[in-house]
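Using the sequences plus the hints, can you model the full thing?
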Amino acid sequence: MLMTKDRRPAIRTLRGWALNVLQEAGAIHECEEHGWAKDRADPHALAHAIELAGEAPPAGVSPDDAIAELRDVLDSVGDTCPECRDGDC
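Following the working numbering, the numbering of the sequence shown begins with 122 at its first residue and continues without gaps.
Any given hint might turn out to be false.
Unchecked claim - Quick list of simulated restraints, FRET-style, between CB atoms: (1) Ala177 / Arg206: 33 to 43 Å; (2) Thr201 / Arg136: 31 to 41 Å; (3) Ser197 / Glu145: 14 to 24 Å; (4) Pro184 / Gly137: 14 to 24 Å; (5) Asp196 / Cys152: 13 to 23 Å; (6) Cys205 / Gly181: 33 to 43 Å; (7) Arg206 / Pro179: 33 to 43 Å; (8) Glu176 / Arg206: 35 to 45 Å; (9) Glu151 / Asp193: 13 to 23 Å; (10) Arg206 / Glu172: 28 to 38 Å; (11) Ser197 / Ala168: 13 to 23 Å.
Keep in mind that the hints were calculated from the coordinates and are not lab data. Computed from a predicted structure; not experimentally measured. Where a beta carbon is used, it is the ideal one built from N, C-alpha and C, also for glycine.
See below:
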């Protein structure tokens, strides 16, 4: 019988990798209704994400470049969903 294992989806861009690291560290989360990434404003989660990025950057990317991308992505994420009204999500 063929067995399959759950695998993480392949991440194809540096931005996608950074979003994944931020989400795994708990620095961002998704709006449940619309799927937009939202900043959790948790300094401990951000520090953990930066640590992960520095220790295990994607292949061919320096730790400094990985951390810079992580910061760029986080700077582009707001703390509210642009589609939700009055902070409902």
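Against the structure, the hints come out as follows:
Under the hint 33 to 43 Å, the C-beta atoms of Ala177 and Arg206, about 39 Å apart, fit the expected range. The hint said 31 to 41 Å for the Cβ distance between Thr201 and Arg136, and at roughly 20 Å that hint is violated. Look at Ser197 against Glu145: about 18 Å separates their beta carbons, and that is inside 14 to 24 Å. Taking 14 to 24 Å as the suggested C-beta distance range, the pair Pro184 and Gly137 conforms, at roughly 18 Å.
A beta carbon spacing of about 18 Å between Asp196 and Cys152 agrees with the range 13 to 23 Å that was offered as a hint. A hinted range of 33 to 43 Å for the beta carbons of Cys205 and Gly181 is consistent with their spacing of about 37 Å. Taking 33 to 43 Å as the suggested C-beta distance range, the pair Arg206 and Pro179 conforms, at roughly 37 Å. About 40 Å separates the C-beta atoms of Glu176 and Arg206, a value consistent with the hinted range of 35 to 45 Å.
Under the hint 13 to 23 Å, the C-beta atoms of Glu151 and Asp193, about 19 Å apart, fit the expected range. Checked against the given bound of 28 to 38 Å, the beta carbons of Arg206 and Glu172, roughly 36 Å apart, stay inside it. As the Cβ distance of Ser197 to Ala168 is approximately 19 Å, the hint placing it in 13 to 23 Å holds.
Hint 2 from the list above is the single one not met by this structure.
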